[in-house]
Structures are given as structure tokens and as C-alpha cells.
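Colleague: The listed protein sequences correspond, in order, to chains A and B.
Residue numbering for the first sequence follows numbering that gives the first Met the number 0, starting at 0 and increasing by one per position.
Residue numbering for the second sequence follows numbering that gives the first Met the number 0, starting at 0 and increasing by one per position.
Keep in mind that the hints were calculated from the coordinates and are not lab data.
Just so you know, these numbers come straight off a predicted model, no measurement behind them.
Among the hints, erroneous ones may be present.
[Stated by the list, open to error] A short list of chain B residues far from chain A (calculated; beta carbon distances all over 12 angstroms):
| # | residue |
| --- | --- |
| 1 | ALA43 |
| 2 | PHE53 |
| 3 | ARG63 |
| 4 | GLN91 |
| 5 | SER102 |
| 6 | ALA111 |
| 7 | ASP165 |
| 8 | LYS185 |
| 9 | ASN188 |
| 10 | PRO190 |
| 11 | ALA201 |
[Said to hold, decoys possible] Here are some of the chain A residues that sit facing chain B, going by a computed Cβ distance under 8 angstroms:
| # | residue |
| --- | --- |
| 12 | ALA17 |
| 13 | ALA21 |
| 14 | CYS23 |
| 15 | ILE52 |
| 16 | CYS56 |
| 17 | LEU57 |
| 18 | THR63 |
| 19 | LEU65 |
| 20 | VAL73 |
| 21 | ASP78 |
| 22 | LEU82 |
| 23 | MET98 |
| 24 | ARG154 |
Quick reminder that beta carbons are idealized off the backbone N, C-alpha and C, glycines included.
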Amino acid sequence: MQPRMMPHPTPVFSDLYASYAAGCLDPAFALMLETQAELRPDLSRTLRAHEAISGICLETAEQTRLRGGALNEVLAVIDEIDLAGACSCTAARAASAAMDEILALPEPLRAAAIDAIGQKGWDPMGRGLKRLALSTSSRMEVELYRISPGASIPRHSHKGSEYTLVVAGGFSDERGSYGPGDVVINGPEDTHQPIGDEGDICYALAIRDGGLRFTGVMGLIQRLVGAR
Amino acid sequence: MVALDLITAKPEASALRKSARLVANGVPTADLAQRERHADCMAAIARDKSRPAFAELFAFFAPRLKNYMMRLGASDSEAEDLAQDVMVTVWQKAALYDRSQASVSTWIFRVARNRRIDAQRRTRKPDLAPDEPMLLPPEIEQPDSAVARGQMEGKVQAELLKLPHDQLMLLRAAFYDGLSHSEIAKAFNLPLGTVKSRIRLAFLRLRGELDSAL
């Protein structure tokens, strides 16, 4: 066996990627797919193979004539944008040192996180743990977790399914350890208590179709305050 | 800007068949040289804010984008506005285009697709199969070869045009019109299982080219 001499893995067909390529996948999942592809060259290639088919469909599409002067209308819009853009660039560069970790996240997650920090900001959840609610046009809940080494997410189950992509660092729960690019699925019947691995700070992207249901003390608090 | 939720209709089956036939009969398509030319235009827009380069891309893509939006059910004037919006975004984001990663048409389709998602919000939650690539561990691989990737789309297109008519129609319905398998089954009056297997088959036929090029 000479694993390094192996050819590229063959892109396999995926309904999920076809749906993504056509623009019909739920935006929360699209965000997860794109982020994972940034972390995993093999998936990036498979994703690109699916998108290439969509792109070729556009290239070979029929044409519908635009109204007269359409190009000039667009150029006029561009003039306005270029004028406005020259003024606002400097403000955008004022990122603080605390943003460095966020800036290291792969796109498009980085853009979504920067957006969310500008709106509600991080929600502290105890020592070494915080979460950031990301807004997408999906009905699913989308959150980015920052887990310091050794910090643990309170034991919880889920009202629906939860999909978690490890973006940086790693975490472990009762069933195993997960590193960058791994996706973990938990169903309503699964209860777990993830703990941040030693080493780099763990960033994890979670999407779920129902809220978290904490068990134990956190569960009592959750029921008392009626949160989520 | 166009109001949300304006695109609700789905392409008629007859429209799907018609355009697939046109492609199969050899509608003028961008060849390799044209693809290079488009990438040069993007570079000129990013570097020099070149308006002639933009006008060239506009002439090629805007009528196709308008057609795409109308296929999805937008009215003539809505489709016109959406196509113009997409071209404005192309101007703004030209610097983000990387010719070693995708052809200009794939990149512009991506912009149009995202614009469509904003306008339409008709998205699906996935039904994850256990063998979805996203759930499998990474495979061992060689470093990327940008040169080979640049040629990939040309090869895929050539192969795409050789597909049997029925496979091509279904591929287009899934990858371009974004219909679900059950919607395709209904539009083409085919059993669901046949739709699934034909789309898979068509992709696998292209895979030979994708595999050698990627």
C-alpha cells in the first residue's frame, strides 16, 4: 500500500450536494456544507463537481433579451456604489484583537459570525463556554460554540435532531472524540455532555430543528426561566 | 430591489423538455477559449474596474440570467431586475473570483442562486443518508492541481452533451431548476425510483471526466 500515491478520491453523487448546487438546500445546512468543504479538500472537490454541472447549465441556457439600456442602468447603479464604497472602507478595518479568532474561521462562517457579533453578540454560558446565535433565513437554530479546553457543555438532550460540525480544535463526549471537519448527529434520544479537548480552542457549528433540553441542574433552571 | 417571495411558480414540464432538446441539438456554448476570455474579464474588473470587460460579461450572462429567473417563474420585469442585481454583484465581488477554482459561469450561477434563495425561500431540509459524503471520514489525497481543475468544466460539458436526452433533462431539472426528486417525478410522469436512478446514472457517467480532471 502506498496511500500517498493514490489518485484523488472520485467525487461521489450526493442528493444533498445537488440540492445545494441548485440553491434549494436549507440555508443552515448550506452554511454547514460550505464551511466543511473549506476544512476538507475532498469534500470541496465533490461540492465543486456538483456546482460545475449547474454552472454549465447556465452557460448553455437559452437567452431572454433585456430591455433597451439595461447595461446603462446597471452601470449607473455601479457608479453610486463605487462612490459610497470609497467613504466606508476605513471603518470596516477597525477590527479588535478579540476578533482575530473569528477572522481565522473559514468563510462563509466568518461572515455570518461577524454579522452576529455586531447584532446580539456572544452569550456566556459559564466557564470557558459561550455561544453565538447566527442568523440565516433558515427556520433551524444555528449557533457557533466556543469551547475552551476542559470546558464542558451542560448535559443535554434535544427536542429534535442536532448536527454539529467541528470547525477548529476538538471536543469529546461519551461516544468519541471529534476534530475539524467532523460532523456529529444527535437525535432526540441522545443525551450527551461534550467537553473541549486539550490544545486549541474548539469552535463548533451546531444546527438543530428544536431547542436544547438540559438535564440536571441546568434543566431545572431552564424550566424555571422558561428559556428556549 | 425586488420584493421577497416573488418566485413561486415552478418550470413547466414542457419548458424543461424544450430547453434540454435545444442543448442536445447544440446551442452555441462557451468553448474553452471563451471561458478563458470570461476569466480575463473578471480579472480586468477586479484590477482596473474595467467597464468594457464588464460590458462583455453582461452581454453574455445577463440574457441567460434573465432566462434562468423566468424559468423559475419570475415575470419579465422581475427577472430583468434580478438579472441586473446579479450583474451588479458580479461587479462588486469580482475580486473574490479565483479562476483556478471555478469557471466564471459556475461562479456567476452561484451568485444568481444565492439571489434566488433570498427572493424565493423555497428551500428544503435534507434527508441525510448514512453514506452522505459529509458524514464520511476524509480520504487521503494528493495536493490540488489547479491546471487540471481549470479544464474540468470543459470536459464535463462535452460529456454532458453526450448524455442521452432523458438523462440530460433530469440532470438539468435537479441541478439547475432545483426540483426535488418527487417534483421531477411528477413533472416528467416517471416513477420516483426511476428519477433517482437516472440522475445518479447521469452523474456517474460524468464522473469519469470529473475524476480525471479534478
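Colleague: Verify the interface restraint on A:MET98: the C-beta must sit less than 8 angstroms from at least one C-beta of chain B.
Modeller: Status violated, d = 20 angstroms.
Colleague: Taking the shortest Cβ-to-Cβ distance between B:ASN188 and chain A, state whether it exceeds 12 angstroms.
Modeller: 21 angstroms, holds
Colleague: Quick one: work out the minimum CB distance from B:ALA43 to chain A and report holds if it exceeds 12 angstroms, violated otherwise.
Modeller: 14 angstroms, holds
Colleague: With a cut-off of 8 angstroms on the beta carbons, see whether A:ARG154 makes it to chain B.
Modeller: Violated, about 24 angstroms.
Colleague: Can the hint on A:THR63 be confirmed by a CB-to-CB distance to chain B that is less than 8 angstroms?
Modeller: Given a least distance of 4 angstroms, the restraint on A:THR63 holds.
Colleague: Check the non-interface label on B:SER102: least C-beta distance to chain A beyond 12 angstroms or not.
Modeller: Check fails; 6 angstroms does not lie beyond 12 angstroms.
Colleague: Is B:ARG63 truly not at the interface, in the sense that its beta carbon sits beyond 12 angstroms from all beta carbons of chain A?
Modeller: Violated: least Cβ distance 5 angstroms, not greater than 12 angstroms.
Colleague: Test the statement that B:ALA111 is away from the interface with chain A: the closest C-beta pair must be farther apart than 12 angstroms.
Modeller: Non-interface label fails for B:ALA111: nearest chain A Cβ at 7 angstroms, not farther than 12 angstroms.
Colleague: Run the C-beta distances from B:PHE53 to all of chain A and say if the shortest one exceeds 12 angstroms.
Modeller: B:PHE53 is in fact no farther than 12 angstroms from some Cβ atom of chain A, at 8 angstroms.
Colleague: Taking the closest Cβ pair, is A:CYS23 under 8 angstroms from chain B?
Modeller: The hint holds - A:CYS23 has a Cβ within 8 angstroms of chain B, the shortest such distance being about 4 angstroms.
Colleague: In terms of Cβ atoms, is chain A entirely out of 12 angstroms range of B:LYS185?
Modeller: Since the minimum Cβ distance to chain A is about 16 angstroms, B:LYS185 lies beyond 12 angstroms and the statement holds.
Colleague: Close enough to count: is the Cβ of A:LEU82 nearer than 8 angstroms to one in chain B?
Modeller: 12 angstroms, violated
The structure is inconsistent with the numbered hints 2, 3, 4, 5, 6, 11, 21, 22, 23, 24, although it conforms to all the rest.
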